[in-house]
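2 protein chains.
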Amino acid sequence: MSELRKDPIVDRWVIIATERGHRPSDFPVQPPGPNAGGASCPLCEGSELKTPPEVWSIRDDGSAPNTPGWQVRVVPNKFPALQIEGSVNRRGLGIFDLMDGVGAHEVIVEAPEHSWTYADGPAEKVELSLRAAQARLTDLYRDQRFRYAVIFRNYGPQAGASLDHPHSQIIAVPITPKRVKEELIASREYYARKERCIFCDVIQQEQLLGDRIVIDRDQYVALAPFASRFPFELIIYPKRHHHDFRSLDDAQRRGLAEIMHDCLRYIRTALGNPSYNFVVYTSPNTVVRRGKPNQWGTIDVDYHWHIEFLPRVTRIAGFEWGTDFYINPVAPEAATQYLREIMADEAQARQSEGALVHG
Amino acid sequence: MSELRKDPIVDRWVIIATERGHRPSDFPVQPPGPNAGGASCPLCEGSELKTPPEVWSIRDDGSAPNTPGWQVRVVPNKFPALQIEGSVNRRGLGIFDLMDGVGAHEVIVEAPEHSWTYADGPAEKVELSLRAAQARLTDLYRDQRFRYAVIFRNYGPQAGASLDHPHSQIIAVPITPKRVKEELIASREYYARKERCIFCDVIQQEQLLGDRIVIDRDQYVALAPFASRFPFELIIYPKRHHHDFRSLDDAQRRGLAEIMHDCLRYIRTALGNPSYNFVVYTSPNTVVRRGKPNQWGTIDVDYHWHIEFLPRVTRIAGFEWGTDFYINPVAPEAATQYLREIMADEAQARQSEGALVHG
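For the record, the sequence lines run as chains A and B. Take any residue in the first sequence, count from 1 to its spot, add 148: that is its number in our numbering. Take any residue in the second sequence, count from 1 to its spot, add 148: that is its number in our numbering.
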């Protein structure tokens, strides 16, 4: 079983695979090449028996689990970083802190088609993946051992994807990860001081300034953050304050699918199908635990869920690793401007098509 | 001029290149291929006029600056992320914080030979690079605008190196970077509570446990940290407590060069010339500033300089970016064990060679 270990200096945990015998030659130093679809792909329709049994799916009426006939399918990761059974077993080792590598690691297989992407759409198809993520998050947060679950997508070799078949992942862990905790604490302190949500204030400030807003529509805003770490980094915020991704109703989920599909289509046009990661930031699990006061008692007013979208077009070097300080060669205003031009071109092309049809 | 911008939620700054007109097609999505040496390499001997004029060098007696005849040479980066002239101009923009992109970005050209590496040695040659880093850090910390300087090395395409010629870099910045500040604050809090240095305690704990110590000699210890984020991650600590890399005397610098050369030679044997980053963690600049109390008044007891060494053999994906939480497939104990076997093999080979010579 793997271990969760805490850095003795800063509040950062890592998952350590403690099985010995991993030889250094096992490491892929180069990103993997493209994988073919069909029988050789463990996530394609028809390969259902190559994955562990599904835990959730949307299926054609009458089709049996682990057979073809699904639109989206969630399965445990075949090579999980964490093990679902067992207790966390928190303990010390001298000055160090560790616990057993207990958690859940699931894969959302987002479409039966091997080469579908979010940018292809339609939004209805993206929505199925969001439904799966929401359902699995809701279920995993029933488990008191799990403090947080990370929902994320790796697309393309530069983003760390090892399979081309469209998929996202969820990892539920018995700690709140460092970066998430920093946001939670910062937003709690801000609320305590101002009685306002810091994310709501950022959205309002960005709307006032205007030059980093890519899309602003009824339910959501997509913007290039003021201090973007990477070129064409985007954040999608729901405009209505809410701390929890699980709260989405049908209309909100549909709106989110639409804005994600649109953003990824514009980014594809701008950058030529780049690798990217996206990550959902949401409330930690606030299920009450024995012997542990709930430190997130005001989470509903403090926090505001959102999705971070990170194209992987620049290289990360020692400076960034050593400092958590980034050099971004593209100002977010320039990225916004460029994406707006693409949106305008697309709208015009659509209009000309319309004129042609009516003409 | 570039801007330094602070994330409105967490205490993280980024450098934003605000010059417009960067087109997305400018990005290298793939790592660069190998660069040839000689006349086409801007860092090779004979190419001195292809870099900005040198600010420091070690030269054969009588050779003029910016001509051949050097062993190590420091030049400003030709495409600096920050500009050396001007004042920092701290200001707000609504709820956001920013300042001008003032700083220094220098390149230490570590050898005239295009394909030399630290693993090649000898230690005397590594020492020249350390002398350059120490001298430049000392000089840059005379500038009150600079709060911190990051000394780092990117080796190989996966580590973000864009030139093959052996070089390190120094970036001096008007803020203390997030990751560094976290260590400084954590070690200050630890000292305030225990009146002991947390790094000294970690070294002692690791010596007691023993299974992550790779090299333990008179002046330095090299160990695989308990909560390693990456396979074969190593930290080199000076055993004598000191907060400042600038303090190295000749013997200490020589000892550091030896242990770095040894570590990198073992890593090369273990992993087959992997890409890697190393980063020096040292005291921030504590020059007294008008109107700003020195928050690092107890730095000499709190902090302990060290060098972090990160082989780049695993891919970083959305999970890591989203959380600062890592999955490490190789336990640091297993990495230590493996490196010790390589050390033993090397010692034995040397002994057999010796026997052959004497036999």
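These are calculated hints, taken from the structure and not from any lab test. Predicted, not measured: the structure shown is a model, and the values here were computed from it. You may find that some hints are simply not true.
Copies of one chain are not kept apart here, so a pair can be met inside one copy or by any two copies together.
[To be verified] Under the rule of at most 20 Å between Cα atoms (straight-line distance), these lysine to aspartate or glutamate pairs were calculated in the EDC-like manner: (1) K154 x D349; (2) K273 x E331; (3) K326 x E151; (4) K329 x E261; (5) K154 x E337; (6) K329 x D364; (7) K387 x D287; (8) K387 x D349; (9) K154 x E331; (10) K154 x D364.
Evaluation of the provided hints:
In this assembly of identical chains, the alpha carbons of K154 and D349 lie at most 20 Å apart only when taken from different copies (15 Å versus 33 Å within one copy). Taking CA atoms no more than 20 Å apart as the test, K273 paired with E331 passes in neither setting, with 31 Å inside one copy and 45 Å between copies. When the C-alpha separation of K326 and E151 is checked against a cutoff of 20 Å, the pair qualifies only within one copy, where the shortest distance is 17 Å, while the shortest distance between copies is 27 Å. Taking the shortest alpha-carbon separations for K329 and E261, neither the intra-copy value of 37 Å nor the inter-copy value of 47 Å comes in at or below 20 Å.
Taking the shortest Cα distances, K154 and E337 sit within 20 Å of each other only across copies (17 Å), while inside one copy they are farther apart (24 Å). Within a single copy, K329 and D364 get their C-alpha atoms no closer than 28 Å, and across copies no closer than 36 Å, so neither meets the 20 Å cut-off. In this assembly of identical chains, K387 and D287 lie within 20 Å of each other by CA distance neither inside one copy nor across copies; the values are 26 Å within and 49 Å between. In the homo-oligomer, the alpha carbons of K387 and D349 lie at most 20 Å apart inside one protomer (11 Å), although the nearest pairing across protomers, at 48 Å, exceeds that limit.
Taking the closest pair of Cα atoms, K154 and E331 come within 20 Å of each other both inside a single copy (19 Å) and across two copies (14 Å). Taking identical chains as interchangeable, the C-alpha atoms of K154 and D364 are never at most 20 Å apart, the minima being 40 Å within one chain and 23 Å between chains.
Checked against the numbered hints given earlier, the structure breaks hints 2, 4, 6, 7, 10 and satisfies all the rest.
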